[in-house]
Structure formats: structure tokens, C-alpha cells
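Engineer: Using the sequences and the accompanying hints, generate a full structural model.
Chains A and B, in that order, are what the protein sequence lines are.
Using our numbering, the first residue of the first sequence is number 1, and each one after it goes up by one.
Using our numbering, the first residue of the second sequence is number 1, and each one after it goes up by one.
Check the hints yourself; a few may be wrong.
Said to hold, decoys possible - For lysine-lysine, the following DSSO-like pairs were computed, each having C-alpha atoms within a straight-line distance of at most 27 Å: (1) A:85 x B:69; (2) A:110 x B:68; (3) B:68 x B:13; (4) A:85 x B:68.
Treat the hints as calculated values from the structure; they're not laboratory data.
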Amino acid sequence: MEMIPYTVEIREDTGLNNAKLGIWLFLASEVMLFGGLFSAYIFLRIGAVDWPEGSSILSVPIATFNTLVLISSSVTMVMSWASLKTQNFDRYRLYMGATIILALVFLVAKGFEYSEKFSHHLYPSSSTFLAIYFTITGLHGLHIIGGLIVNGYFLGAGSKMWATDPERFTNRIEIAGLYWHFVDLVWIFLFPIFYLL
Amino acid sequence: MNHTAHDVGQHTKTYLYIFGALAVLTVVTVAIGYLSLPIGTAVVVALLIASVKGSLVASVFMHLRSEKKIIYWLLLMTFFFLLALFILIIASIYDFGGTPNVA
Numbered sequence: 001m002e003m004i005p006y007t008v009e010i011r012e013d014t015g016l017n018n019a020k021l022g023i024w025l026f027l028a029s030e031v032m033l034f035g036g037l038f039s040a041y042i043f044l045r046i047g048a049v050d051w052p053e054g055s056s057i058l059s060v061p062i063a064t065f066n067t068l069v070l071i072s073s074s075v076t077m078v079m080s081w082a083s084l085k086t087q088n089f090d091r092y093r094l095y096m097g098a099t100i101i102l103a104l105v106f107l108v109a110k111g112f113e114y115s116e117k118f119s120h121h122l123y124p125s126s127s128t129f130l131a132i133y134f135t136i137t138g139l140h141g142l143h144i145i146g147g148l149i150v151n152g153y154f155l156g157a158g159s160k161m162w163a164t165d166p167e168r169f170t171n172r173i174e175i176a177g178l179y180w181h182f183v184d185l186v187w188i189f190l191f192p193i194f195y196l197l
Numbered sequence: 001m002n003h004t005a006h007d008v009g010q011h012t013k014t015y016l017y018i019f020g021a022l023a024v025l026t027v028v029t030v031a032i033g034y035l036s037l038p039i040g041t042a043v044v045v046a047l048l049i050a051s052v053k054g055s056l057v058a059s060v061f062m063h064l065r066s067e068k069k070i071i072y073w074l075l076l077m078t079f080f081f082l083l084a085l086f087i088l089i090i091a092s093i094y095d096f097g098g099t100p101n102v103a
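Structural biologist: The following block contains the structure:
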């Protein structure tokens, strides 16, 4: 079977392995995806006759809690990679497990927030503010679910690679981490824009 | 970037410091939100703090402070297009004689 080239070894022309360049290209496209929606937010807000204060509709304490949860998950994610770098697979499993639990906590809190809005008959169709709020936070939530699936795979079946090709597995965790930190980074901007301004 | 086990040990401490800084900045953002600053000032302050937090995540957790040149170029281009997108959107409102409401 022919192996995919440059998964671990460095390409001379780019100075990187292909996985690293690939994830950054993907993240660049993600910047434009969220950027398009952010510009929609700016467009809608500047043009709006009236714009509600986020804190009057949304729960700042829940969002603050969720911000701290995502920041913590970024730390556990980078620590899981650092554990592999020091050949400590058990510690990797611990940190990756923690990352997954924190992601689930985020989703549960977000789900609670959404259902609370729905119970008050506040839907995306209720106002321009809620339309863009549900669109952007919903897309962000999908990214969390995506990361959860990938991280879950690397904790479960995917972790078998550690026994056969540890260097490549470590690279995979670094790449998954870059994605996860990006999702955290997006939330860092979403939080003040929707809840505090 | 190639990291040795020794480097990683040193980095671990940094990760925890950054976590502390991010947590403190989150609390500061919320506290400022309760000050009821004029909207213009509030937007600038909130985005400034978010940018600092974002930079910490990108430079330390995503290792951008020591990455290859090609990644910097890639991100510079992305930033350029993102900025163009924002500027075009805002400019279009003025172009159509709109009256931006930032109050």
C-alpha cells in the first residue's frame, strides 16, 4: 500500500509536513466563513433602527461559564499533545478525555440556553438579533460537535496508531488541536459581540 | 516547528500562565460590560480585549510565535481578505446613502 507522503517528514519547499499546511489552509477558509457571518452581523447592526442589548435577552453568566469551559478545554487539548511529546500515553488519554468532557459541558450549557429561549418563544424568526445570534452560535456549535467527533476518535479507535506510528499520531493530535483552538478563538469574539455589546 | 521533550516541559508552565491570563481577561470583559460605557467605547474596549485573548491563543496554543514563513504569509493574506470584506460591507452602507445607527 502506498503511503500518503509528508505526514511526518518535512517537505523541502514548504518547510512543513502536509498535515500542518493543510489544516492552516482549512482554517484560513474557516476565517472567511465566520468572517462572512461577522460582516453580516456588522451590516445588520449598523443598518438596524433598534438593536437590543445582548444581556437583556441572553444569559451573561452562562456564556461566561462557557467561555471559561472552552478556554480550559484549549489548555487540556494542548496538554494532551504535550503528553504525547513526552511519551506519556496515559496522561494523553486523561487530558484528551478532559477535553471531550469540557466540550460536552459546553454543548449542554448551550443547549440549555437555546431551550430556555425557545420556551419563551424566542426563535431565529423573532428578531434580526436572534436570527444572527442563532446562525453564528449554531454554526459554532456545529464546529464543537465536529471537534468532539474527531477528538473522540483519537481517544478511542484512532489511538491505536500510537502503538504503530507514534510520531504520526502525535502530529494528528497537534493538527486536531489547531482546529480546536480555532473554535475557541471564534468563541472569544462571539462572546462580547452577542452578550456584552 | 519541531519540539523536543525538554521544550514541551517548559511550555507546559507557559500554557498554565496563559490559561490564567485568559480567565482573568474574560472576567475583565464581563466586568467592563456592566460599566455601561458609551457604545463606541464599549465596542473598542471589548474588541481590544478579545484581540489580546485571541492573540494569546494563536501565538501560544497554536504555536504561531514560532511557525514557518509560509504560514505567516497565508494568514497575512487571509487577514487582508477579511479586512476587505468588512470594509466593503461598511462602505456599501454609506454608498447607498444609508444612515448607520450606532447609538
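Engineer: Could you tell me which of the numbered hints above are not met by this structure, giving the numbers in increasing order?
Structural biologist: Hint check: 2 fails alone, others pass.
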